[in-house]
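**Student:** All chains, full assembly: derive it from the sequences and hints.
Residue numbers (this note's numbering), protein chains in the order written: chain S, 1 to 258; chain L, 1 to 258.
Please note that the accuracy of each hint is not assured.
Pairs count within a copy or across copies, as identical chains cannot be separated in the list.
Unchecked claim - 20 Å max Cα-Cα, derived SDA-like pairs, lysine to any residue:
1) K230 - E30
2) K230 - D27
3) K72 - V85
4) K230 - P206
5) K72 - D103
6) K72 - A124
7) K230 - A189
8) K72 - E104
9) K230 - N105
10) K69 - I28
11) K230 - A31
12) K230 - T152
13) K72 - E30
14) K69 - A178
15) K230 - P29
16) K230 - G125
17) K72 - R186
18) K69 - A31
19) K230 - E104
20) K72 - D57
21) K69 - G122
22) K230 - G150
It should be emphasised that the hints constitute simulated quantities derived from the structure, not laboratory data.
What follows is each chain in one-letter form.
There are 2 protein chains.
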Amino acid sequence: MTAQGDQLSQVGEGANRPSLPSGEQRDIPEATVARLALYLRALTSLAERGTATVSSDSLATAAGVNSAKLRKDLSHLGSYGVRGVGYDVSLLSQHIQRTLGLDENRAVALIGFGHLGQALAGYAGFASRGFRIAAIIDTDPELIGSRLRGVTVEHADRLAEVVRRAQISIAVIAVPAAVAQEVCDRLVAAGVTSILNFAPTVLGVPEHVDVRKVDLAAELQILSFHDSRKSHKTLSNNFVGATVDQRMSVVAKSGVIS
Amino acid sequence: MTAQGDQLSQVGEGANRPSLPSGEQRDIPEATVARLALYLRALTSLAERGTATVSSDSLATAAGVNSAKLRKDLSHLGSYGVRGVGYDVSLLSQHIQRTLGLDENRAVALIGFGHLGQALAGYAGFASRGFRIAAIIDTDPELIGSRLRGVTVEHADRLAEVVRRAQISIAVIAVPAAVAQEVCDRLVAAGVTSILNFAPTVLGVPEHVDVRKVDLAAELQILSFHDSRKSHKTLSNNFVGATVDQRMSVVAKSGVIS
DNA sequence: ACGTGTGAAAATATTCACAGCT
DNA sequence: AGCTGTGAATATTTTCACACGT
Chain S
1 MTAQGDQLSQ VGEGANRPSL PSGEQRDIPE ATVARLALYL RALTSLAERG TATVSSDSLA
61 TAAGVNSAKL RKDLSHLGSY GVRGVGYDVS LLSQHIQRTL GLDENRAVAL IGFGHLGQAL
121 AGYAGFASRG FRIAAIIDTD PELIGSRLRG VTVEHADRLA EVVRRAQISI AVIAVPAAVA
181 QEVCDRLVAA GVTSILNFAP TVLGVPEHVD VRKVDLAAEL QILSFHDSRK SHKTLSNNFV
241 GATVDQRMSV VAKSGVIS
Chain L
1 MTAQGDQLSQ VGEGANRPSL PSGEQRDIPE ATVARLALYL RALTSLAERG TATVSSDSLA
61 TAAGVNSAKL RKDLSHLGSY GVRGVGYDVS LLSQHIQRTL GLDENRAVAL IGFGHLGQAL
121 AGYAGFASRG FRIAAIIDTD PELIGSRLRG VTVEHADRLA EVVRRAQISI AVIAVPAAVA
181 QEVCDRLVAA GVTSILNFAP TVLGVPEHVD VRKVDLAAEL QILSFHDSRK SHKTLSNNFV
241 GATVDQRMSV VAKSGVIS
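**Tutor:** This is the structure in structure tokens:
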């Protein structure tokens, strides 16, 4: 048990690597890409604490992985560490950002401004981690025209127009499952090539479009599977106390995170 | 590209399988467990459409995977299909539910009733897919005492008491990152053994506790990585039109999803 | 015929362990 | 002395392809 449920993912199912356009390091494994985001988060947190340099060991702990994995992952970006010393926090941070394509803030469209959509829109980590909500779309007349940090909620009829004008290639779908495919089709037709889907549906998309999904109930079901196999259901505490302390020392060791 | 970002995950990091308590089939791979949830969703959708029997091919399409994977996955549960025919929708559904430990509705605690917490609480798929929010916790005096479908929002001071009384082993953390670890510690001390974490922090937990995380910004960053490598950024449409139709035929072929 | 179940092959991912730089 | 970068070993996951039951 233990361990942050590392969300891996392979985005390219029929992926025969398309051979790269220009002169960059190639072929970063999917599993590694997924973790780069975690390393970046940890690095940002370290930078805020004023840490200038970090070892693979501490960074790994801060990111919730082991150090061998971290070093292997970073080796795919080329060498940015110094033997005997560690990694320069700000340098590595920048390099990961570049690798992830976060150089300038990326414009994102949010489709669906219900409870979830509003929660997502209000999420600060959104802006601080490289993204800018450039458009919000809904169909509810009550919501159309309301503004959030300078962005006006537009009607779904104007989706294509809005997406094209704001040059948006990434969209977040936060609409009911029943209309998710239709929304998806419209996004794709308008030129969106990457979609984060919160609706509990499989979206059909053409080859060149990536979809990632977040399914709350599925996550809980996975937890449920493991939980239901824990025999010791009823034995507990004072034992728990001990192991929590164990954990604390791990955290202390690396000076982790906000 | 294409392809639903299959969220895999290994929950047990240092997991040397604990050898099972009683007579059940053993050792379902993590990757398989994560997909069982998807199959279940697809099956439910098929059942609603009145489908009684389904082939591995159609079910796979409906779940967004290929059929070899699906068959291999299901083989870990023991045989529930009929050669030459397919799977009985309701039978397989039940079996997956049992496997995931969803026999009776599982009680879940929701910690944090801000925007995100409220969105999660309102999510219908929660109830319909095996979970029941049995407790809601926050610290905001404005929110304490408000009720949602028969559940009263309680103050964080009463967390342990509430968790113990409702026999909760699964909790969802939807609080700011700064207080997530503290909340987590309290949950663990109160006996929670499975946590779904929406705060962008690595949670330290003892061995016997599982954590899964959902990190919105990380998901977007992964999309960003792939998106930024799509050369054809500017070429588009009428080509898009064609490929969308392609996709439509795939969907039609399997009669998918809500 | 049809479609499941599964060994065996291939591809990915993780971990080990240590050479080599600072 | 300390810590990175990496080949080699291991483990896991995916895919292939076909025997087998209905």
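**Student:** Against this structure, judge whether each hint is valid.
**Tutor:** Status of each hint after checking the structure:
In this assembly of identical chains, the alpha carbons of K230 and E30 lie at most 20 Å apart only when taken from different copies (15 Å versus 31 Å within one copy). Taking identical chains as interchangeable, the C-alpha atoms of K230 and D27 lie at most 20 Å apart only when they sit on different chains, with a minimum of 14 Å there against 39 Å within one chain. In this assembly of identical chains, K72 and V85 lie within 20 Å of each other by CA distance solely inside one copy; the values are 17 Å within and 46 Å between copies. For the identical chains of this complex, K230 and P206 are inter-copy neighbours only, at 14 Å across copies versus 42 Å inside a copy, given an alpha-carbon limit of 20 Å.
For the identical chains of this complex, K72 and D103 are neighbours neither inside a copy (24 Å) nor across copies (41 Å), given an alpha-carbon limit of 20 Å. Taking CA atoms no more than 20 Å apart as the test, K72 paired with A124 passes in neither setting, with 31 Å inside one copy and 41 Å between copies. Proximity of K230 to A189 under the C-alpha cut-off of 20 Å is restricted to the inter-copy arrangement: shortest distance 17 Å between copies versus 48 Å within a copy. Taking identical chains as interchangeable, the C-alpha atoms of K72 and E104 are never at most 20 Å apart, the minima being 27 Å within one chain and 43 Å between chains.
In the homo-oligomer, the alpha carbons of K230 and N105 lie at most 20 Å apart only across protomers (17 Å), although the nearest pairing inside one protomer, at 44 Å, exceeds that limit. Taking identical chains as interchangeable, the C-alpha atoms of K69 and I28 lie at most 20 Å apart only when both belong to the same chain, with a minimum of 13 Å there against 24 Å between chains. Taking the shortest Cα distances, K230 and A31 sit within 20 Å of each other only across copies (19 Å), while inside one copy they are farther apart (28 Å). With identical chains, the CA atoms of K230 and T152 are never at most 20 Å apart, being 49 Å at best within one copy and 29 Å at best between copies.
With identical chains, the CA atoms of K72 and E30 are at most 20 Å apart within one copy only, with a shortest distance of 13 Å there and 22 Å across copies. Within a single copy, K69 and A178 get their C-alpha atoms no closer than 40 Å, and across copies no closer than 27 Å, so neither meets the 20 Å cut-off. In this homomeric assembly, K230 and P29 come within 20 Å of each other (Cα to Cα) only across copies, at 16 Å, whereas the closest approach inside a single copy is 33 Å. Taking the shortest alpha-carbon separations for K230 and G125, neither the intra-copy value of 34 Å nor the inter-copy value of 25 Å comes in at or below 20 Å.
Taking the closest pair of Cα atoms, K72 and R186 never come within 20 Å of each other, the shortest separation being 40 Å inside a single copy and 35 Å across copies. In this assembly of identical chains, K69 and A31 lie within 20 Å of each other by CA distance both inside one copy and across copies; the values are 10 Å within and 19 Å between. Taking the shortest alpha-carbon separations for K230 and E104, only the inter-copy value of 17 Å comes in at or below 20 Å, while the best intra-copy value is 46 Å. For a Cα distance limit of 20 Å, the shortest separation of K72 from D57 inside one copy, 12 Å, qualifies, whereas the shortest one across copies, 37 Å, does not.
Taking the closest pair of Cα atoms, K69 and G122 never come within 20 Å of each other, the shortest separation being 33 Å inside a single copy and 38 Å across copies. With identical chains, the CA atoms of K230 and G150 are never at most 20 Å apart, being 49 Å at best within one copy and 30 Å at best between copies.
The earlier numbered hints that this structure contradicts are 5, 6, 8, 12, 14, 16, 17, 21 and 22.
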